[in-house]
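Colleague: Got chain A; can you put chain B on it based on the hints?
Protein sequence lines correspond, in order, to chains A and B.
Following this note's numbering, the numbering of the first sequence begins with 1 at its first residue and continues without gaps.
Following this note's numbering, the numbering of the second sequence begins with 1001 at its first residue and continues without gaps.
It is possible that some hints are incorrect.
Unchecked claim - When the alpha-carbon atoms are kept at most 25 Å apart in a straight line, the in silico SDA-like pairs for lysine to any residue are as follows:
#	chain 1	residue 1	chain 2	residue 2
1	A	LYS63	A	VAL13
2	B	LYS1024	A	ARG24
3	A	LYS49	B	GLY1033
4	A	LYS45	B	ASP1070
5	A	LYS49	B	ARG1062
6	B	LYS1024	A	GLU33
7	A	LYS49	B	ALA1002
8	B	LYS1024	A	ASP39
9	A	LYS45	B	ILE1068
10	A	LYS45	B	LYS1024
11	A	LYS63	B	ALA1066
12	A	LYS49	B	ALA1016
13	A	LYS63	B	ALA1002
14	A	LYS45	B	ASN1080
15	A	LYS45	B	ALA1066
16	B	LYS1024	A	SER61
17	B	LYS1007	A	ALA46
18	B	LYS1024	B	GLU1067
19	B	LYS1007	A	ASP53
20	B	LYS1024	A	ASP15
21	B	LYS1024	A	ALA10
22	B	LYS1024	A	PRO7
23	A	LYS49	B	SER1069
24	A	LYS49	A	THR17
25	A	LYS63	B	ASP1088
26	B	LYS1024	A	ARG42
27	B	LYS1007	A	ASP39
28	B	LYS1024	A	GLY34
29	A	LYS63	B	PRO1056
30	B	LYS1007	A	ILE38
31	B	LYS1024	A	HIS22
32	A	LYS63	B	GLU1005
33	A	LYS49	B	GLY1025
34	A	LYS49	B	GLU1101
35	A	LYS45	B	GLU1011
Claimed, not checked - Chain B stretches covered by chain A per the calculated footprint, using a threshold of three residues with CB under 8 Å from any CB of chain A:
#	segment
36	1068-1077
37	1086-1096
Treat the hints as calculated values from the structure; they're not laboratory data.
All values derive from a computational prediction rather than experimental measurement.
Where is the CB? At the ideal position from N, CA and C, for every residue including glycine.
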Amino acid sequence: MIEAALPGAAVEVVDETGGGDHLRATVTAAQFEGLSRIDQHRLVKAAVKARFDDGAIHALSVKTAVPGS
Amino acid sequence: MADAELKQKVEELIAANPVLLFMKGTPEMPRCGFSMRVVQALDAMDVEYGAIDVLPALQPLREVTAEISDWQTFPQLYVNGELLGGADIVEEMFDSGELAEALGVEQPEAAPPPAAAAGPAQAPPLQIE
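Pulled out of the complex, with its shape left as it was, chain B reads as follows:
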């Protein structure tokens, strides 16, 4: 059973952020290659997004997202309340133009830049007891 309070917090975050990324580390300092790839794709899209570092509560968050989305690995990108997927799916969608469509932006011409572009809106850190 996932922690009920944490699950509610996560659901609130998903509802409050049109684009929300659960990742390992932060957009300024990703701590995993997959998370970094999603950050690069989002930065190339030049959209505002919330980012949650899952590392402080990795296992509890796995349990929560397993219940919410039947998905336990990170990164996870939620757009308008729906899980799009992890790094592989986000990259495929980036290449096909589906990501731009889901985000409501124009497809960028170039491949994602290596360094982070516009800073994303940082969601307040999760308070984990």
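Just chain A, same shape as in the assembly:
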């Protein structure tokens, strides 16, 4: 879902508990260039909002980076 919202991004998602609902996403995307950390996180969270809304994701840890940093 993150890759669809941020084409070209490098996305790595780790299931922290094995239950599929506590995830850690590490996202590197050129689209983050120039954005504050919080705006970068907003983009990632907006991409997976549907899974938050339907309860599939309970907690999401986000780490963002710009390519080359």
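Modeller: Below, chain B alone, put in the same frame as chain A:
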């Protein structure tokens, strides 16, 4: 549409507290790992902060903060009226020194202690109808 009265109350709290944390549970008893991490970072900074337990009104508060800050998950740390972010961002800022800068304090030398240090100023509980 977020509850207008609740939204106004939240805006007043944000304006009244230089450092305000919306969290699950209380600083003495956080009810979520992310909230606990922010409390630890703030305690390491040794600043006074207001803390609001969102659990009694979780969904209404999500709607309010979605409208105010385009952010619906908790914890949320507001400094001087601005949302800094949740646990991940606060921790990154703690490590980089940006949090100390935002709070106007010195960067602590050690990592956050496991137990709460100085007690934070507890904001009055939100009256939810």
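Colleague: With reference to the structure, classify each hint as holding or not holding.
Modeller: The hints, checked one at a time:
{"no.": "1", "hint": "LYS63(A) - VAL13(A)", "result": "holds (10 Å)"}
{"no.": "2", "hint": "LYS1024(B) - ARG24(A)", "result": "holds (20 Å)"}
{"no.": "3", "hint": "LYS49(A) - GLY1033(B)", "result": "holds (21 Å)"}
{"no.": "4", "hint": "LYS45(A) - ASP1070(B)", "result": "holds (10 Å)"}
{"no.": "5", "hint": "LYS49(A) - ARG1062(B)", "result": "holds (13 Å)"}
{"no.": "6", "hint": "LYS1024(B) - GLU33(A)", "result": "violated (32 Å)"}
{"no.": "7", "hint": "LYS49(A) - ALA1002(B)", "result": "holds (18 Å)"}
{"no.": "8", "hint": "LYS1024(B) - ASP39(A)", "result": "holds (23 Å)"}
{"no.": "9", "hint": "LYS45(A) - ILE1068(B)", "result": "holds (16 Å)"}
{"no.": "10", "hint": "LYS45(A) - LYS1024(B)", "result": "holds (19 Å)"}
{"no.": "11", "hint": "LYS63(A) - ALA1066(B)", "result": "holds (21 Å)"}
{"no.": "12", "hint": "LYS49(A) - ALA1016(B)", "result": "violated (31 Å)"}
{"no.": "13", "hint": "LYS63(A) - ALA1002(B)", "result": "violated (29 Å)"}
{"no.": "14", "hint": "LYS45(A) - ASN1080(B)", "result": "holds (24 Å)"}
{"no.": "15", "hint": "LYS45(A) - ALA1066(B)", "result": "holds (12 Å)"}
{"no.": "16", "hint": "LYS1024(B) - SER61(A)", "result": "holds (16 Å)"}
{"no.": "17", "hint": "LYS1007(B) - ALA46(A)", "result": "holds (22 Å)"}
{"no.": "18", "hint": "LYS1024(B) - GLU1067(B)", "result": "holds (19 Å)"}
{"no.": "19", "hint": "LYS1007(B) - ASP53(A)", "result": "holds (21 Å)"}
{"no.": "20", "hint": "LYS1024(B) - ASP15(A)", "result": "holds (22 Å)"}
{"no.": "21", "hint": "LYS1024(B) - ALA10(A)", "result": "violated (31 Å)"}
{"no.": "22", "hint": "LYS1024(B) - PRO7(A)", "result": "violated (34 Å)"}
{"no.": "23", "hint": "LYS49(A) - SER1069(B)", "result": "holds (15 Å)"}
{"no.": "24", "hint": "LYS49(A) - THR17(A)", "result": "holds (20 Å)"}
{"no.": "25", "hint": "LYS63(A) - ASP1088(B)", "result": "holds (7 Å)"}
{"no.": "26", "hint": "LYS1024(B) - ARG42(A)", "result": "holds (20 Å)"}
{"no.": "27", "hint": "LYS1007(B) - ASP39(A)", "result": "holds (22 Å)"}
{"no.": "28", "hint": "LYS1024(B) - GLY34(A)", "result": "violated (31 Å)"}
{"no.": "29", "hint": "LYS63(A) - PRO1056(B)", "result": "violated (29 Å)"}
{"no.": "30", "hint": "LYS1007(B) - ILE38(A)", "result": "holds (21 Å)"}
{"no.": "31", "hint": "LYS1024(B) - HIS22(A)", "result": "holds (16 Å)"}
{"no.": "32", "hint": "LYS63(A) - GLU1005(B)", "result": "violated (34 Å)"}
{"no.": "33", "hint": "LYS49(A) - GLY1025(B)", "result": "holds (24 Å)"}
{"no.": "34", "hint": "LYS49(A) - GLU1101(B)", "result": "violated (31 Å)"}
{"no.": "35", "hint": "LYS45(A) - GLU1011(B)", "result": "holds (23 Å)"}
{"no.": "36", "hint": "1068-1077", "result": "holds (count 4)"}
{"no.": "37", "hint": "1086-1096", "result": "holds (count 6)"}
In summary, the numbered hints that this structure violates are 6, 12, 13, 21, 22, 28, 29, 32 and 34.
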